[in-house]
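Each of the two chains sits in its own frame; use the hints to bring them together as a complex.
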Amino acid sequence: MHIPDGFLDLKTCLGSFCVAGAGFAIALRKVNASCSDKTVPLLGVMSAFLFAGQTVNFPIGGGISGHLLGSALASIVLGPSGAALVMATVLFVQCLLFQDGGITTLAANFLNLGLVAVGTGSLVFRSLSRWANGPSSLVVPVAVASWCSVLAASLSCALELAGSGTVSLRVVLAPMLVIHAVIGLGEAAITTAMITFLVRVRPDLIYDPAKQLKFRPAAAGTARSHVLAGLAMAVGVVLLATPFSSPLPDGLEALAEKLNFQNRARTFWPAPLPEYSFPGSSPEWLSVSLAVICGIIFTLVLLWGFARWLRRPRTESHAD
Amino acid sequence: MRIDGPFPTAAKERFGPRSPARRIVFAFAWVALIALLPARLWIWQLPSAFALIFVTRKLGVSFTALGKRTLLIWPFVGFTALGLLGQPEWHLRVGNLVLKAVLSIWILSLLTQTTSVIELIAGLRRLHFPAIWVELFAFLVRYASVLATEWNRMQLAREARTFHLPSRERWRLLAQSLGCLFIRAYERAERIHQAMLARGYR
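Those protein sequences? They're chains E and A, same order as listed.
Under the working numbering, the first residue of the first sequence is numbered 1, with each subsequent residue one higher.
Under the working numbering, the first residue of the second sequence is numbered 1, with each subsequent residue one higher.
Honestly, the hints are just simulated from the structure, not real lab data.
Owing to the predicted nature of the structure, the values given are computational and were not obtained by experimental measurement.
From the three backbone atoms N, C-alpha and C, an ideal C-beta is built for every residue, glycine too.
There is no bait here: all hints are sound.
Now the in silico label distances, taken between C-beta atoms and shown as ranges: (1) Thr55(E) to His128(A): 30 to 38 Å; (2) Pro130(A) to Leu231(E): 16 to 24 Å; (3) Arg18(A) to Gly305(E): 48 to 56 Å; (4) Leu228(E) to Ala131(A): 18 to 26 Å.
Excised from the complex, chain A in its bound form (with noise of 0.2 Å):
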């Protein structure tokens, strides 16, 4: 998936607050909402599921993209079900987990289908985050992609090479391909360093 610049945005519309400081603060105050209620009390979790099917339809964001951004926590999930089986009021406490889990997930997933990593940024300046935090985010999303694209080239080239990774050693040999990764990353920090100060940074 691509990172950097604006998401691929499914959203036929705008919906919701402007600024994205304001959606930003309004989605995460939503997912501690519904985290926190305690599980006795899940009848209460229906009303948001309904209002998140309204706002999912009215964006115009599909249902199976969405229901692919919960994927990862399936497996969690399963683990902490077979720690609950047995347990007195089983079914109600992994259904309320499911249940927080996957609205919780839903939200943040129509957030960064709204907003875009731009937007995201300077909401997150916007709210005052750790300046330096702040940056941090902008410079993972900015080079995520392209550290990726590298390891996909480097691979590339040995394979052109007619290089073949015997199996048994295969795992150290990946290993040293992520450590020469690492040395290139490190080289185009001190490149992006020198241009961030030829630029007149500080």
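Chain E extracted, bound-state conformation (with noise of 0.2 Å):
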């Protein structure tokens, strides 16, 4: 699922590493906010395990074998935060040394397995464990949380390719996911096998921040960095998004022709960026999604004065 160099153009591998980099500095604030100086030795030796875990083969059957991804793997064990730090340091080892991956793409495929697949991963685990009490009874919770990371991460390829027009949604979306969901099932067995070892030999290595606290709660970040964090994260989206942005009318539109009103509609002044383009002559994607990342600012800053204007002080007038 590596996605190499070449296949995804300009504005995917921007909008990946827009959303990517956000995604990696909330990560890195989270992990640098526990006092704890064991962070790095841990999180250094856990993706040596997980680059080596990578390389032992699983026979299948039929002289076909699987290995490991991990990505759920991590995010059960070391939590979602540094589960993401250690997927991409394990992605940005594959790509520089062994060409496994590409460097423009590689916020892409950290998108791919290091945030959606443990993300996933992460979400599934924690809401299905709630009702688990034992060590078997978490059987169920990590073979879903495995396989629908597996599943989530190869969407989120697929959609990449597609967005970037290398392949048609329509062509690559289903084999891409019925290979991944047989992929999944061994991903989910192995893991599976693997946690429940664990918790019957060691429980006290799984990440469980309700009782035991390996990484403390983030610290609150400073606001600017809320919003910067907030702001690449919607350019990134809207760069990945323009693609499957729809050129059909939206259903107010669609209801206004049917009724034959729309003639009756009057501009009181010109939009400053007609039908979600810039003016000028750049391509398409580029107007259509400057034209939203002004939007999404001209909303931000709205926004802002609005929050200043509820937070002004508030003094006592008197009213003479």
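Below is the structure:
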């Protein structure tokens, strides 16, 4: 699932760098917030373990063998933010030293295997393991979480490939999901066997913030860094989602067309960015993205002003 | 493959920028240029290809070694090519994908053939990559081969005890040994942490 260089176009690369950069920064902040100086050696050796574990081949039958991907495993054992950092390191080494995956697609690969897979695995595991009481009842949450994580990663990989126009979504989506549904079964089997073994032998190693804090919950960051991360994420999502924006009219416009009252619509002032496109002769994705980004910034400024107004110092005003 | 310490470099002589940071930036920029060039302009990849042939000859790196580095991309290329079959201009698009992927891998292989891991880490620090990430990179490079050796030792010890893997339970037992390796890795991390503290870390 490692996308090589040259398979994604400029807007998908930029968009994934924005989203992945923001996600990486948030994970980094959460890990840095833990006062423990044990973090670096622990995460370092864990990434080495994941790297070595991915080279162990499991016989599936018929001479085919598969190997661990490890996103769900890492998120269950290290927690989501630690797992994201570990996956980023593993992907970087695989790309730089082993040419598995590319440099320009590094962010996209990190988005798939680091953020989407780890996030899905951790969410599913946490929501399902709420009802677990005992080592053997963890089997279903772990299995479902690891299967879902592989499937979510493949879905996001297919969307990225289709979004950059390499292959059409109709062609790539079904084979991608079917293949990874099968791969996910192997992943689920390996992860479940490993986690049940670990729970039996060393239950203290499973990430469990409710009981034992390996990483403390993130210290509140400054407002500016939150705004920057949010902005980067919004810009990235816009860049990634532009190719999927529908040329068809939305619901209200369709209704207006049907009832034939769009001719009655009058504009009171000319729209600054008509039809979500930026004036000038730039490629379509750039103009649409720029228009939406301008909209986002405008909305943010409005919201910020509103928040400032809400938080204005309340002085007792005496009517005179 | 050993990834601790400097790479078994095949390069006869140094060529290009001396500082590893500059070499990293140069390689990444070149890869970005190749990977992001629109498909219609594929003819402009040819200067890059000729330059790469020249650099490879100058460095004395063998072309077969470089070819072996590209092995990992072919399943992905094949999968995408199958999806593109029958589309308009499919041969241009598939050829373009293959050209871009091979050239990018070529550049990155040349980078790792001429730059040892120690130099890479120094270069990444110099370029102000996030400090914790560079440290994790260094840890991974240092301990991946250690853990791989440990895995081989565990397998060897198990075989020495005349253990036979029953074919039905095989994957479960393999997963449990992987769990064992995980516990050993965790304990090693604790030991490393104590050793780092003993040497005055932070």
